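Peer 1: Generate coordinates for the entire structure from the input sequences, incorporating the hints supplied.
Number of protein chains: 4
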Amino acid sequence: MRYLTAGESHGPQLTTIIEGLPSLLPITAEQINYDLKRRQGGHGRGRRMQIEKDLVEIVGGVRHGKTLGSPVALVVKNDDWKHWTKIMGADPLPEDVDPDEIKRQVSRPRPGHADLVGGMKYGHRDLRNVLERSSARETTVRVAVGSVAKLLLKELGISIVSHVTEIGGVKADPTKAEGKSADEIRKIVEEDPVYCLDPEASAKMVELIDETKKEGNSIGGVVEVIIEGLPAGIGSYVHYDRKLDGKLAQAMLSINAFKGVEFGLGFEMARKKGSDVHDEILWSEEEGYTRGTNRLGGLEGGMTTGMPIVVRGVMKPIPTLYKPLQSVDIETKEPFKASVERSDACAVPAASIVAENVIAWEMAKAIVEQFHSDQLPQLKAQIDEMRKYSKEF
Amino acid sequence: MRYLTAGESHGPQLTTIIEGLPSLLPITAEQINYDLKRRQGGHGRGRRMQIEKDLVEIVGGVRHGKTLGSPVALVVKNDDWKHWTKIMGADPLPEDVDPDEIKRQVSRPRPGHADLVGGMKYGHRDLRNVLERSSARETTVRVAVGSVAKLLLKELGISIVSHVTEIGGVKADPTKAEGKSADEIRKIVEEDPVYCLDPEASAKMVELIDETKKEGNSIGGVVEVIIEGLPAGIGSYVHYDRKLDGKLAQAMLSINAFKGVEFGLGFEMARKKGSDVHDEILWSEEEGYTRGTNRLGGLEGGMTTGMPIVVRGVMKPIPTLYKPLQSVDIETKEPFKASVERSDACAVPAASIVAENVIAWEMAKAIVEQFHSDQLPQLKAQIDEMRKYSKEF
Amino acid sequence: MRYLTAGESHGPQLTTIIEGLPSLLPITAEQINYDLKRRQGGHGRGRRMQIEKDLVEIVGGVRHGKTLGSPVALVVKNDDWKHWTKIMGADPLPEDVDPDEIKRQVSRPRPGHADLVGGMKYGHRDLRNVLERSSARETTVRVAVGSVAKLLLKELGISIVSHVTEIGGVKADPTKAEGKSADEIRKIVEEDPVYCLDPEASAKMVELIDETKKEGNSIGGVVEVIIEGLPAGIGSYVHYDRKLDGKLAQAMLSINAFKGVEFGLGFEMARKKGSDVHDEILWSEEEGYTRGTNRLGGLEGGMTTGMPIVVRGVMKPIPTLYKPLQSVDIETKEPFKASVERSDACAVPAASIVAENVIAWEMAKAIVEQFHSDQLPQLKAQIDEMRKYSKEF
Amino acid sequence: MRYLTAGESHGPQLTTIIEGLPSLLPITAEQINYDLKRRQGGHGRGRRMQIEKDLVEIVGGVRHGKTLGSPVALVVKNDDWKHWTKIMGADPLPEDVDPDEIKRQVSRPRPGHADLVGGMKYGHRDLRNVLERSSARETTVRVAVGSVAKLLLKELGISIVSHVTEIGGVKADPTKAEGKSADEIRKIVEEDPVYCLDPEASAKMVELIDETKKEGNSIGGVVEVIIEGLPAGIGSYVHYDRKLDGKLAQAMLSINAFKGVEFGLGFEMARKKGSDVHDEILWSEEEGYTRGTNRLGGLEGGMTTGMPIVVRGVMKPIPTLYKPLQSVDIETKEPFKASVERSDACAVPAASIVAENVIAWEMAKAIVEQFHSDQLPQLKAQIDEMRKYSKEF
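Sequence lines, in order, name chains A, B, C and D. In my numbering, each residue carries its 1-based index in the first sequence increased by 60. In my numbering, each residue carries its 1-based index in the second sequence increased by 60. In my numbering, each residue carries its 1-based index in the third sequence increased by 60. In my numbering, each residue carries its 1-based index in the fourth sequence increased by 60.
No lab work stands behind these hints: they were computed from the structure. No experiment lies behind these values; they were computed from the predicted model shown. Errors might be hidden in some of the hints.
One copy or two, it doesn't matter: identical chains are merged, so the pair holds either way.
For lysine-lysine, the following DSS-like pairs were computed, each having C-alpha atoms within a straight-line distance of at most 27 Å [as the list claims (entries may be wrong)]:
#1 214 to 97
#2 333 to 274
#3 264 to 163
#4 236 to 332
Peer 2: Right, dumping it as structure tokens:
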């Protein structure tokens, strides 16, 4: 299973093609749009999020609400395209046009963005040619891809949810997640302005975001993704590049502005004794093998254990600030204070949706590749069988 | 560039084949053996590390000290193989053999290892069939592969080094690394019993390891890898799976017992303002573009910036404890206290070498794949040109 | 470099995303449309080709006529979509709809098509769900992808052309291609009704196609692709899956209805002595190394030699015949005479364009992956250098 | 499933690592050695084949006769290594050695080999550095890999066999294969000196080989591989690079000296009407869906139909001739008559074994990747189920 995305931030549309989905999977645009809306929400977003409402069109691979087995193509049109046609058009510029007038050329790289290095790499002295693609706008279609993955996981009895555990140093009480199912968590965070489980922390986060915005600064945070209902044995220990944790880590770090990832107790494991880190193995007639705890976050030896996967990612503060950072104009080589292209003070809630969806994709991909996945019904039967087999092992 | 490894912990040998190396790269077994020795060192290792001295043989792809461009095959023989021939031999057992006598069957899965899930996945009721491969013994050849990668990086003017920054909650003073080159760091950690830059912290770590060993427990820690001398523009922002940070994260998480990874300030970024996280862009005639700081750890937009890459990984405490954890015998379904197969109280120093080498491989791979890499001299010329181009951009 | 395609024959559009193109490559829709038109031409096409005129839209990755380095998205809309919206729509059918009325269900698999096995594989009892994707309609966007590849090759001084060498047993005189450049060949075949170099054979082919059509039958043929101006050393002998001939063969056999491929003298080599098959190596101050002949078709040891690549593919007669073949209705299990969905008597000329373009893609991909290909100017410089290096070797 | 190979023709050993095999597959060295012996046989081989007897050692991934699920490592030692240690050793040459004495340097590229272009590509002026790897000696381990694949196929009820259909223009009577099972074919060709089914043709082939040898020339030929017992639906039509015929074609063209491939009627399809090419679909209660003929060679829409796959490859005459070809010394630029490194007049019988085994690998790989393949028993059950499902469709 694989996908490609295309599209620039102010181009006509974002496009994605997903190849390798099982046939007979129910998909509707409505289900995907729900996630797109969640990605545009969260306290602390700038103006652009409010004016554009992303809607997906399914333009291939789905007929009468079900996947055909052929590649699925999704499109999210840019409502604002009419204002950008000249600036971002694919056609060569007519000879008599004054390029300065329509190109909105950017020669001032923003620290923390791909601008400068991207320009060097691809030979663009107009850094707009970089920032239009490196923009987090592209995560829109990655969320759409993840929505499709979640529909698949759901059919297999697997739930996935994300919540915000930290913003700008304000931490949610970790016990709030304990004992809650993915569905219960989803219900709570859907109602919370920063997609957080802990109402007290949430209030503080909102306050901090508002303050930060006022001072023209930005803040980052930590998001947690939980996957429930997994069969044991997805991934493998036999070769280094088949370990599931490695793949999930790559997925998390592929999100714009993410700088770290950890599973279960994560970096806390550097401060604990072995006897306080590992999860004891239990067995009962009714449930088969279980674990007393889930400190390792659902993975042992690069494989799912059957316990929930718990993985967190850290997002840096958005680098585009009203409070500007020093940089250098690549034409004049003069120093300047970096310009503002967008203005979210905090995008962590939105990023939690992106994280949930890219992790969902990676998980679905691992499952589809491990099993016979031509048709959904066959895949379902195998997952059930694997659950039974593991229990009776 | 790609490689495969094979071999079980007590099998005849570990084998690796590396495909895609440039021709004309100088390689000797001696250089690789140095890293293998470092991997076997560090305070806190058990008995096995002392009796086995790993030595590599080059059995393909190298002639008269230089790579041919053909795949390189490396072998590390198991000195102890003579004692394991019957137990681990490839030939079918003769019919008149009592399997119990020679199989050293394992039916008791150790928590925190691949044992139980691996057995389910591959249908092994003798869990030895799992643990022989899931053992960290396999990292021996991954270190060998990384040694070759480091020889390549060195030819390109790129240095890589690792050091231990935390063990069991004892943290090294982070300022000890400041202003030091990779070579300077290497000299210090080569002399340190736990491969740590900070002598005071090192002494405490040694003490803690000894105590932990006495109580039959284990501790984990954090290792940091630094890569210097990189040209800007390795990796790419244009597609999610081409981001270099994602690839390095996958590499780090592919190391046995690693549970998290972070770049630059890492998880601390969740606690800081944007103005304290991003690195300002400077420019001078002599140096071209530089950054005032390196908080992002050398990567922007999934690409190298030219600043050193700084990446850390967290290793959980080794799950094999004298102080046993509860588990279940898969035959009798009776609970038991998990048995001890190995006995390192702390493998973090050794793991720092593994981390250094797997990261070196991933970095070398990214470079080889981005450039014309048939021959080393051509590759060198391009890297130089890219450095010049970036400076003059 | 990679691409994915999506879209069903009667769906809203065909979509493709190309990832990994160098930046700064000039591309216009006009250039791609030229190939799309050629693909729809050729004597012997049915009615559908005449009513639909395929036009491409560039919806990502290109700005002001040049690639950005980001993925390129291309779309070919289906003009006839308004008549198929209900039949092929992505939305679930409303509950009160009579499915029989709008589904145009197919339960009768056509021999020689993917219908029957595709239905089994993906669980479709409505075989329309198979044939809509397995249709050669999809080659439209593969041709578009190849057009982009040809624009890249052209910038590197590499020309590629195809011509029809055989239809229904009528063979073109092979000497007609001798001594002609790719551009000269293109000029001739552009004017020929069956894209053939030999006017006498062409006239006979046209006649045969007309006869065959009258009798409700179909005929296949052979197409030849020639690539000129290649540097030596693309591909590699060092590992089996890096051989360029293998990759080109896979590309050719990935075209609908193609059943064989051969290089240079091809299957004739089974009938010749070694001394009549191999190409002697010559050298001169002015030209460097050359070959006296090109019987091997431009490849030795899985690598380009610098001589033109000559590769042929055989296309079977289109399986959809007015003269029907026996098959079985999957619902009733009753035998029937297979129905006609399309009616080209001969699609070999069109297939020559598909062949040219899929081979162009594979060749461009091999080059882009072997060299430093972030920017077109850097790639060009390397190719020139490689030509010089080979000459002076 | 993937594998890598390493090793030079006169190096210490050939090595391969196979990753992704199901666990619990029975494998013995004896079974692999049988194929290695067949590869060394066939009328027309030179002296080297007679003195070296290739034997495999299993050095990883197999315990007590069964795969573990971990990567399998195979080694074929070079018996003659003691005579080549200095010439091909991995260690740098001591400074006081006269390189001319021990290097056996080659400066004269042989037409039809990788020598010249390989030297240019990898910067080797000693062309031995090329020919040692580009030699067909490497196919030894590819045969070993294919043997393992055949053991897997056999467990799944799938048989594969090859036979020689043409040598130097002498064609076997194609009707000799009709109605024979793979096992019956194998029995006949095992007894034939040129692995041919037709005794009359075989006698002529032997005669022709002897004559050709006398005149210092060489001849090629055509080999056919047949795979029986396949379930329908391996491969896919949904994306161009998932078509099974493309993958098999790449495999065939990856064999040294192979220049073409065709399925079923192959190039003959260019001379036939559609009604004489396609295979009618039949159905009966007892057998389910069958085909009246097998002209398409077992593949439709890039998928297996359940009929035997029939694929042929053409091998060019071996380029190393006693009767020399003109070439150029790369040092002096003087023309010369190309030297003889080996002296087989005809390697087509041996190549038929290579073809059988590389096709077996590709087929096994396609199956393993399509199904849940962790354990052999689970894979077997799925293949059986798929057969049943297809029959009842």
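Peer 1: Kindly indicate which numbered hints from before are broken by the structure, ordering the numbers from low to high.
Peer 2: Result: hint 3 breaks, nothing else.
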